[in-house]
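Chains as they are written, first to last, in this note's numbering: chain A, 24 to 524; chain B, 24 to 524; chain C, 14 to 194; chain D, 14 to 194.
Honestly, I wouldn't trust all of these hints.
[Unchecked claim] Not everything, but these chain C residues come out facing chain B in the computed CB check (under 8 Å):
hint, residue
1, Arg-52
2, Thr-55
3, Gly-63
4, Val-64
5, His-66
6, His-144
7, Gln-147
[As the list claims (entries may be wrong)] Result set (DSS-like, lysine-lysine): computed pairs, CA atoms no more than 27 Å apart in a straight line:
hint, chain 1, residue 1, chain 2, residue 2
8, D, Lys-158, B, Lys-261
9, D, Lys-158, B, Lys-468
10, D, Lys-158, B, Lys-435
11, B, Lys-370, B, Lys-261
12, C, Lys-158, A, Lys-350
13, B, Lys-261, D, Lys-133
14, A, Lys-468, C, Lys-193
15, A, Lys-344, B, Lys-456
16, A, Lys-278, A, Lys-344
17, A, Lys-350, B, Lys-370
18, A, Lys-350, A, Lys-370
19, A, Lys-261, C, Lys-158
20, B, Lys-144, B, Lys-370
Rather than coming from a laboratory, the hints here were simulated on the basis of the structure. Note that CB positions come from ideal geometry on N, CA and C, so glycine has one too.
For reference, the chains in residue letters:
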Amino acid sequence: MSFQRVLIANRGEIALRVVRSLRDLGLESVAVYSDADAQSRHRFEADFAVRLPGSASADTYLNIPAILDALKRSGADAVHPGYGFLSERGAFVDAVTAAGATFIGPSSRAMDAMGNKVHAKHLMIEHGVPVVPGSKGALKDAAELQRLATEIGYPLILKAANGGGGRGMRVVRKDIELAPAFEACTREAIAYFGSGDVFCERYIEDPRHIEFQVLFDNYGNGVHLHERDCSIQRRHQKLFEEAPSPYLSDAQRQKIGAAAVAAAKAAGYSGAGTIEFICESPERAYFMEMNTRIQVEHPVTEMITGIDLIGWQIRVARGEKLAFQQKDVPLRGWSMEARINAEDPAKDFAPGPGLVTALTFPAGPFVRVDTHLYAGYAIPSHYDSMVAKVITWGETRDEAMRRMSRALMETKVEGVPTTTRFHEALLAHPEFKAGTFSTRFIEQKAAYFKEKLAGDPAALAEGVGALVAAALTADETQRGADHASAQPPRDSAWRRAGREA
Amino acid sequence: MSFQRVLIANRGEIALRVVRSLRDLGLESVAVYSDADAQSRHRFEADFAVRLPGSASADTYLNIPAILDALKRSGADAVHPGYGFLSERGAFVDAVTAAGATFIGPSSRAMDAMGNKVHAKHLMIEHGVPVVPGSKGALKDAAELQRLATEIGYPLILKAANGGGGRGMRVVRKDIELAPAFEACTREAIAYFGSGDVFCERYIEDPRHIEFQVLFDNYGNGVHLHERDCSIQRRHQKLFEEAPSPYLSDAQRQKIGAAAVAAAKAAGYSGAGTIEFICESPERAYFMEMNTRIQVEHPVTEMITGIDLIGWQIRVARGEKLAFQQKDVPLRGWSMEARINAEDPAKDFAPGPGLVTALTFPAGPFVRVDTHLYAGYAIPSHYDSMVAKVITWGETRDEAMRRMSRALMETKVEGVPTTTRFHEALLAHPEFKAGTFSTRFIEQKAAYFKEKLAGDPAALAEGVGALVAAALTADETQRGADHASAQPPRDSAWRRAGREA
Amino acid sequence: MNWLVKIGGVSFELELPDALPGAEAEPLPDGRRLAWHARQRTLILTAANGVEHNLRVRSAALSRWAGEAATELSVELLASAAQGIVSLTATVELAAPGQSSRGKTEAVKAVQIRSQITGKVLKVLVGVGDHVAQGDPLMIVEAMKMENRVFAPQAGTVTQIAVKDGDAVQTGRELLRLAKD
Amino acid sequence: MNWLVKIGGVSFELELPDALPGAEAEPLPDGRRLAWHARQRTLILTAANGVEHNLRVRSAALSRWAGEAATELSVELLASAAQGIVSLTATVELAAPGQSSRGKTEAVKAVQIRSQITGKVLKVLVGVGDHVAQGDPLMIVEAMKMENRVFAPQAGTVTQIAVKDGDAVQTGRELLRLAKD
């Protein structure tokens with residue numbers, strides 16, 4: 024399992040991130056790049072590069088034969104999949120292995136076992152990891168529902184077994200609503216979906232998304248590296264993450280973490296993985312799914328533990344044993360990550376690919392930036408809109424938050440819109456500051472964000488903006504008084520600045 | 024002692040560094056800049072800026088009246104001095120205080136007490152901190168010298184009391200050499216310096232430079248934040264630092280650290296300070312001097328402790344108590360700092376100010392860069408040649424070192440020479456890797472560095488370089504064969520590349 | 014050139030200087046000076062006493078549609094307030110006076126719908142002659158793995174469609190025209 | 014243009030291509046291609062099988078003295094070796110053939126001493142007519158708080174001094190001339 028040259032079957036910031044850990048370990052890197060990525064930094068920063076003709080993901084980063092061809096030509100003897108693309112395809116693992124190279128990640132068997140949600144859920148139940156409580160299948164009658172309601176507690180949600188799109192669903196909050204809701208739901212199920220089968224589950228109103236990072240070697244040794252809180256989401260896309268979660272006590276952390284490790288161990292897992300939980304309350308965390316790869320938000324875990332997760336993925340893959348046990352995994356301070364996406368938060372997060380004309384990223388103490396951007400880079404419209412991650416660390420949550428404000432203030436991207444301002448608005452919200460938020464936070468605070476992000480001209484008219492406007496106007500008024508009539512047409516410096524930008 | 028707007032009486036990377044900590048604490052910053060620094064980043068990154076007319080340090084950053092004038096005009100109510108310039112002048116502290124502003128640093132009394140080497144040395148002796156052993160003053164006779172030699176041990180150095188420039192000095196290694204050396208030295212002292220007074224000290228052949236960071240609040244609470252090893256020096260200029268030192272055991276660390284804290288406490292010290300020791304062996308560390316300001320190399324301490332030193336300077340100055348005790352100061356992992364100076368290590372470190380035409384700094388996990396450089400910036404020739412600090416952290420010294428190699432590989436500065444290659448040569452040396460080096464390392468390994476830094480064309484002819492040369496030559500040979508005679512004059516792309524650079 | 018500037022509801026005519034004054038700028042009537050440092054992306058407002066206030070530009074985007082006189086300038090400035098940090102954004106619409114503002118060179122009843130993003134037209138949902146209500150989806154443009162719907166800003170009849178399924182579009186590219194009811 | 018290239022002790026005449034071939038470069042005779050990516054400061058050597066080897070340029074400095082035909086090119090390349098990381102540096106002296114190399118357009122016995130740094134002449138230590146031995150200090154140039162001595166590269170007589178105390182000098186500026194003994 025020893026290897027020397029690693030092909031990175033990915034692009035952008037994660038490909039660069041992998042190059043860095045490889046270099047730390049004295050290993051060579053091979054990038055692959057699509058035609059749309061011919062100017063991407065990951066192509067140039069790796070030691071070697073191989074072109075994947077075409078631009079669509081299906082032709083390039085999802086094209087297993089093309090990647091195997093690059094593997095063979097480049098002489099690489101291992102593959103790191105990054106996240107997304109082929110990172111969770113058992114068939115890719117098998118293809119890499121059949122080509123005689125090492126896949127840096129779990130076995131295809133463990134990947135498929137944990138990737139299959141039903142399998143994974145059963146495994147979790149077996150190992151005492153709580154899952155969202157509910158009926159095992161279709162409910163027989165209202166009486167069974169009543170028994171379950173007593174067992175599980177309210178609120179519950181009734182769902183048509185064949186349903187979808189929000190139809191045939193009923194939330195029930197008291198005993199008295201139970202029978203009528205069951206009848207109505209059954210009626211709708213028959214009417215819309217042709218079957219009266221209805222099942223029930225506990226309804227989680229304001230869930231937190233909390234995930235545990237686990238790390239296993241090939242010899243059954245595994246630890247968790249605490250949790251990340253990824254509740255700040257928009258349409259199920261994570262936007263801002265932190266570690267640890269302000270929601271969990273130390274006892275809860277240890278309990279859920281131990282259960283996560285036990286379950287992954289039972290699956291014969293190896294490498295880095297993430298077990299996601301949906302939390303109704305700190306005491307009620309339910310298994311959701313397992314991601315059998317590195318996560319976008321892994322840096323916040325690295326910041327609080329000092330452990331290079333991608334470095335350890337590689338070391339485990341080459342047969343090293345974990346050098347630490349659970350008790351040795353540090354949890355020091357607090358870390359936050361803001362995803363800088365090329366999207367305009369003021370225009371409903373419309374994506375804005377294009378040329379980055381000027382760029383400054385933050386630096387200095389306890390700040391880290393993972394990005395593939397550079398001034399002059401044209402962000403292609405073919406792939407994900409995430410272009411940078413701004414990460415901070417502090418001794419306390421408050422310090423990490425204040426550092427994030429500073430880091431965002433230093434973040435300047437011209438030419439394309441970014442989510443930077445969204446994060447500033449987020450950090451300014453008292454409930455975010457207090458750590459009390461659910462996955463519905465952005466939706467619930469829509470009015471707040473709308474106002475904050477509108478680029479309100481009134482705000483410009485006040486405060487600092489007024490100085491600029493006043494200065495420009497004063498200048499103009501004066502000139503207007505001096506020279507009565509029209510000036511020869513001149514080019515505005517603002518226009519020029521805009522063009523330079 | 025509360026303040027809201029802080030004038031930074033400094034320039035370059037340290038001014039930027041202070042802006043960042045101020046911003047973390049919600050405070051405003053005022054930069055001052057000389058005419059030579061009109062394009063420096065610290066002018067633009069601060070919230071406010073005031074020009075100091077002129078370029079020479081004496082007219083600008085050392086000009087107390089000009090800085091006080093800027094203080095008054097800007098409405099700042101505190102001053103951070105950075106390092107160098109006025110940072111250790113008691114008179115500046117008094118002037119700032121008299122102007123009604125808070126000086127972020129120790130009192131002028133403590134500063135002067137610790138800044139005076141004789142005072143400081145006496146204070147150290149009082150508090151049991153070892154100093155270089157030797158005679159109290161001029162030696163009476165050879166017999167006194169013999170007694171001292173027995174007490175202190177060999178090697179000793181005899182020095183003419185009025186001497187200088189290496190003359191009138193003798194190193195003595197055995198009893199039998201003692202009397203002749205004393206006679207010769209006395210003779211020379213009379214001949215060259217007009218006085219036969221000679222004193223003796225223990226001679227430290229291969230010293231290590233180890234310094235302890237201390238931090239005190241205004242209420243007498245103080246801690247040390249472990250040591251830094253700054254033995255890699257060239258002509259007494261530090262080039263590469265690390266924390267902790269591979270030289271000290273934990274017991275020695277605690278012992279020397281406690282002595283350093285006791286001595287600083289006795290001086291009524293407040294704020295951040297550094298106590299430098301010269302080490303003959305881990306057991307024999309002698310007090311050298313105290314620096315009553317932040318050090319260039321403070322980031323390595325921040326990386327292993329997680330404590331924002333400049334943030335704490337500011338917090339202490341506004342009257343906060345230290346939030347931690349000695350036992351709470353973490354020591355986690357290892358950190359290194361490489362000073363990137365605009366000097367050519369292959370040309371005896373000749374300084375090379377000028378236009379930075381292209382620039383890439385490292386990023387990613389466990390790497391930090393403090394710099395004021397940007398592409399298009401012209402490094403002025405008026406000030407220090409240090410333009411960036413590349414800092415890495417690792418769980419072990421080895422990991423920090425490998426990360427430094429990676430970080431240096433990502434460091435690209437075009438237009439001016441830098442010391443980047445020197446650091447790569449340093450990291451490649453087996454004795455540096457083993458942690459066995461003294462302040463004489465660079466001088467002792469001069470041949471090694473010369474060879475490594477020469478830009479040996481033979482190295483280019485081999486290995487990777489050969490590929491380029493071969494490609495160019497093959498191309499040429501082919502063309503030569505095809506077209507018998509002279510080509511029309513054409514511009515070389517290399518030339519163009521050089522010009523673009 | 015003289016520009017028509019709208020900030021909020023207020024519009025006024027303004028001659029923007031030929032260049033924002035450089036570091037050697039003449040003082041404004043009230044003694045302050047304003048200088049634009051292009052490389053540093055910083056607008057410096059210098060008070061009469063020489064203290065400079067840095068207004069850092071996070072982003073400055075200029076939108077100018079071909080064939081139209083109006084120009085939209087969007088600037089995001091960063092400045093430090095007495096307490097904490099604020100970022101301010103404004104979109105300023107600039108139009109040379111005498112010239113009609115954006116879209117107004119067209120028949121007054123025509124509304125041009127432009128792409129807000131660079132991407133690919135996945136599906137045109139309407140045809141020429143269709144009547145649409147305000148908020149109706151007109152087409153789907155895909156970019157960065159996301160489907161983005163283009164909605165009708167007002168009720169009207171589709172008079173012209175400038176793109177077809179599969180076309181690549183740049184930001185600002187005209188997609189279709191609506192005749193107002 | 015044809016250039017005289019010296020690498021180590023070996024010199025050969027070489028016509029460097031008009032431009033280093035771009036990404037669409039014609040293959041070299043052995044099937045490899047070499048392309049210079051200016052923005053990324055990377056020289057890519059592509060093998061016949063399409064695998065690209067990135068040679069990153071850390072620094073490229075071109076020294077050309079006014080009035081002289083010779084050009085010194087110093088390039089530092091970064092590449093990853095099988096084990097660890099290497100950085101390679103070379104100074105290549107380029108001279109158009111037929112033209113004399115650096116300094117040779119002068120009377121063969123004259124040696125020009127140039128400043129290796131940008132700074133200020135602190136003190137000229139010799140006068141015209143002085144005879145100096147190899148290694149003698151000629152002047153002190155200050156830059157970045159450091160005093161840098163300029164030494165005689167060989168014995169000779171000072172025939173001309175081009176600067177005086179206090180003068181600002183750029184890298185490459187002539188300081189004085191020595192006539193060889």
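Pairwise hint evaluation, Lys-133 (chain D) against Lys-261 (chain B), where the allowed Cα distance is 27 Å at most | holds, 25 Å
Below or equal to 27 Å on CA atoms is what counts here, so check Lys-158 (chain D) against Lys-261 (chain B).
-> holds, 15 Å
Taken at face value, is the distance from the CA of Lys-350 (chain A) to the CA of Lys-158 (chain C) at most 27 Å?
-> Between Lys-158 (chain C) and Lys-350 (chain A) the Cα gap is close to 42 Å, so the pair fails against 27 Å, i.e. violated.
Quick one, is the Arg-52 (chain C) hint okay against chain B at 8 Å, beta carbons?
-> holds, 6 Å
When the least beta-carbon distance from Gln-147 (chain C) to chain B is tested against 8 Å, hint result | With a minimum Cβ separation of about 45 Å from chain B (threshold 8 Å), the hint on Gln-147 (chain C) is violated.
Pairwise hint evaluation, Lys-456 (chain B) against Lys-344 (chain A), where the allowed Cα distance is 27 Å at most | The hint holds at about 25 Å.
For the hint on Gly-63 (chain C), does the least C-beta distance to chain B fall short of 8 Å?
-> holds, 6 Å
Regarding the pair Lys-468 (chain A) and Lys-193 (chain C), is the alpha-carbon distance no greater than 27 Å?
-> violated, 35 Å
For the pair supplied as a hint, Lys-261 (chain A) and Lys-158 (chain C), is the alpha-carbon distance within the 27 Å limit?
-> Within the cut-off at roughly 15 Å; holds.
Take a quick look at whether Lys-158 (chain D) and Lys-468 (chain B) sit within 27 Å of each other, Cα to Cα.
-> holds, 26 Å
Distance restraint between Lys-350 (chain A) and Lys-370 (chain A), which requires alpha-carbon spacing of 27 Å or less = Given that 27 Å is the threshold and the Cα spacing comes to 47 Å, the pair is violated.
Taking only the CA atoms, is the gap from Lys-158 (chain D) to Lys-435 (chain B) under or equal to 27 Å?
-> holds, 24 Å
Checked against the numbered hints above, the structure violates hints 6, 7, 12, 14, 17, 18 and 20; every other hint is satisfied.
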